[in-house]
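Enquirer: Below, each chain spelled out in residue letters.
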Amino acid sequence: MIRDTLTGSRIRERRVIAGLKQADLARQIGISASYLNLIEHNRRRIGGKLLLNIAHVLGVEPSALTEGAEAALIASLREAANDVGKGVAEVERVEEFAGRFPGWAEVLAGAHRRVLSLERTVETLSDRLTHDPQLATSMHEVLSTAAAIRSTASILADDTNISPDWQARFHANIDQDSRRLADSAKALVTYLDANTEETGNASPQEEVDAFLDAQGHGFDGLEAGTQTVDAVLAGAPQLASVAAQHLARQVLGQIEADARAVSRDALAEALTETGMDPVALAQRFGVSVARILRRLAAQPDTQRGLVVSDRAGSLVFRRPVEGFSIPRFGACCPLWPLFQVLMHPGQVLRERVQQQGRRVATFDCFAVAEPVGPAQYNAPQLVHATMLILPVTAPDQSQPPGRPVGSTCRVCPREACAGRREPSILSVGF
Amino acid sequence: MDKHVLLVEDEVNIIEAMSFLLKREGWKVDTHSDGATAVSAIRDARPDLVVLDYMLPGKSGIAILTELRALPDFAALPVLMLTARGQLRDREEAERAGVNRFMTKPFSNTEVLNAVRDLVRV
Numbered sequence: 001m002i003r004d005t006l007t008g009s010r011i012r013e014r015r016v017i018a019g020l021k022q023a024d025l026a027r028q029i030g031i032s033a034s035y036l037n038l039i040e041h042n043r044r045r046i047g048g049k050l051l052l053n054i055a056h057v058l059g060v061e062p063s064a065l066t067e068g069a070e071a072a073l074i075a076s077l078r079e080a081a082n083d084v085g086k087g088v089a090e091v092e093r094v095e096e097f098a099g100r101f102p103g104w105a106e107v108l109a110g111a112h113r114r115v116l117s118l119e120r121t122v123e124t125l126s127d128r129l130t131h132d133p134q135l136a137t138s139m140h141e142v143l144s145t146a147a148a149i150r151s152t153a154s155i156l157a158d159d160t161n162i163s164p165d166w167q168a169r170f171h172a173n174i175d176q177d178s179r180r181l182a183d184s185a186k187a188l189v190t191y192l193d194a195n196t197e198e199t200g201n202a203s204p205q206e207e208v209d210a211f212l213d214a215q216g217h218g219f220d221g222l223e224a225g226t227q228t229v230d231a232v233l234a235g236a237p238q239l240a241s242v243a244a245q246h247l248a249r250q251v252l253g254q255i256e257a258d259a260r261a262v263s264r265d266a267l268a269e270a271l272t273e274t275g276m277d278p279v280a281l282a283q284r285f286g287v288s289v290a291r292i293l294r295r296l297a298a299q300p301d302t303q304r305g306l307v308v309s310d311r312a313g314s315l316v317f318r319r320p321v322e323g324f325s326i327p328r329f330g331a332c333c334p335l336w337p338l339f340q341v342l343m344h345p346g347q348v349l350r351e352r353v354q355q356q357g358r359r360v361a362t363f364d365c366f367a368v369a370e371p372v373g374p375a376q377y378n379a380p381q382l383v384h385a386t387m388l389i390l391p392v393t394a395p396d397q398s399q400p401p402g403r404p405v406g407s408t409c410r411v412c413p414r415e416a417c418a419g420r421r422e423p424s425i426l427s428v429g430f
Numbered sequence: 001m002d003k004h005v006l007l008v009e010d011e012v013n014i015i016e017a018m019s020f021l022l023k024r025e026g027w028k029v030d031t032h033s034d035g036a037t038a039v040s041a042i043r044d045a046r047p048d049l050v051v052l053d054y055m056l057p058g059k060s061g062i063a064i065l066t067e068l069r070a071l072p073d074f075a076a077l078p079v080l081m082l083t084a085r086g087q088l089r090d091r092e093e094a095e096r097a098g099v100n101r102f103m104t105k106p107f108s109n110t111e112v113l114n115a116v117r118d119l120v121r122v
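Protein chains in written order, with the UniProt record's numbering: chain A, 1 to 430; chain B, 1 to 122.
Keep in mind the hints are simulated off the structure, nothing from the lab.
Don't take each hint at face value.
[What the hints assert, rightly or not] Not the full set, but computed from the structure, chain A residues with beta-carbon under 7 Å of chain B:
(1) Val-115
(2) Leu-143
(3) Ser-151
(4) Ser-154
(5) Ala-172
(6) Asn-173
Quick reminder that beta carbons are idealized off the backbone N, C-alpha and C, glycines included.
Isolated chain B (complex conformation):
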């Protein structure tokens, strides 16, 4: 069965490019663009991996991740965070919230695919 990734991102063309890439790699891809309802979307979808934008409308990626980690079923869910904020303190904040991998924009497709493969052994 295909591995399932939920892409939580509000940039339409990033969604399109990454969906194409991940589908080409054999992933089942769902997308979600609203930060405020992201946690419930993740709970409903129960993906194998979440690719999460740092800055989202409605709720930040950090807040979403913090809520997610408080749910026992999602405490260990692999999360790859994408961000335009590359400061050390942003990275540390994400690590404190429980991120598995932190990647700054503009990233390369190879970096993303390698990270995804690392986080979910496929």
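Only chain A is shown next, with the shape it has when bound in the complex:
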């Protein structure tokens, strides 16, 4: 039905493009001009030989008259109607609407597609929203404009008795808001691009992460004792904020102290004897397991990740490793071994995990939680949990595959998870 309905409009369009009068085309295909007129106005079904003849005279493939953008248009209009909760009867009239007002149908479908696109953008950026007031204001502008378009477009779609004056007014509003939406979206993208180019960082912790990444997490001067923390910081202009400098000083101080306690060379030698056994290494060097985990991650030319969390679950250090996704914003997967050891400080957990996502990857993790900070009377003991992440490139298929974990709920495909805090955006179209 829909195909027939819209085929008429397409025949008319193609005939005009070909410079043929209705009477000329009718004569060439052997029907009356009045019958062709009915076809072109979508009041008569068409198919079979007559369709082939028309296509031949117009010099187009028959499919060009029966298929094309209409199917997508109708699908978009149906989606728009469904999204605003229209009843079945009105959804069925979508074909009539598209056939009689193809131009306005395109406007409505375009506005709906834009709203959907913006909704997806909103979901993707929602984590960041809480960190960036300027972004929050921009998104408010975009969403308010989208709301105006959606509301106005729905009125036009719903109310078939709307007066011409109101129709014209609402069409003008949609046009105005569409332009505004385009400008707002463009400004938003420009802002995000600029922000990424300048620093890409929304918080001091991100500044530090970017600094460490840029250095490849390697500080040969600190390792060899030939450079001080102050000297490293003096050569790091990208640490713009005072807070970031403070955090970086703590991290670099830790690296310096770790290197003094367990040198690279000594660790490399010990590894040849003990293998990847953090507990044995800690005993051998007389240091904490957490320090060994940090030193193992800092070994040059290795693919090892490390994350450190405080008791509240905030990541205070992250060294990424390929394949293991560590969320930049928002909370991590609560199933990581990192968080399990927070309950049992001193216990060393060794576990194989499989991180779920677009690509499933396997890792061996070592985790331990240890007290930090000076001892105090009647004060809460501060604890940091540390987790070393070792990629397993060729898992032994005879062994269990590893406990499934995620990155963060927002992008985790495991729907039936007891630890889920919020729905995954993967389930709504990503």
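Based on the hints, put chain B in the right spot on chain A.
Expert: Coordinates of chain B only, in the frame set by chain A:
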């Protein structure tokens, strides 16, 4: 007599669309766009329902609602809040301030009309 709604919103085209919708439903609709003078506008208009934007020039929707709830005559006035901010804490903040219904943009007309009908039984 028609029920009376005051629409406190600064987006001109949202005002136009919602006014059309509500009038079509038989409501008497007044509008106001300035947050700073919204409370006095509500006091003067004494509507049956307020549709209130979260983010307004001059004063936020939350501040307006808080002031309104402190006035005995308006403590129970139904308020539907529209917002682009859908975070749980924003919703909780609005609930603490005394909102009756909280709706995030972009909303559907059906949602708005259903909420309005629920809040003021017509």
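Enquirer: Could you tell me which of the hints above the structure violates, numbers in ascending order?
Expert: Checked against the structure, the only hint that fails is number 5, while the rest are satisfied.
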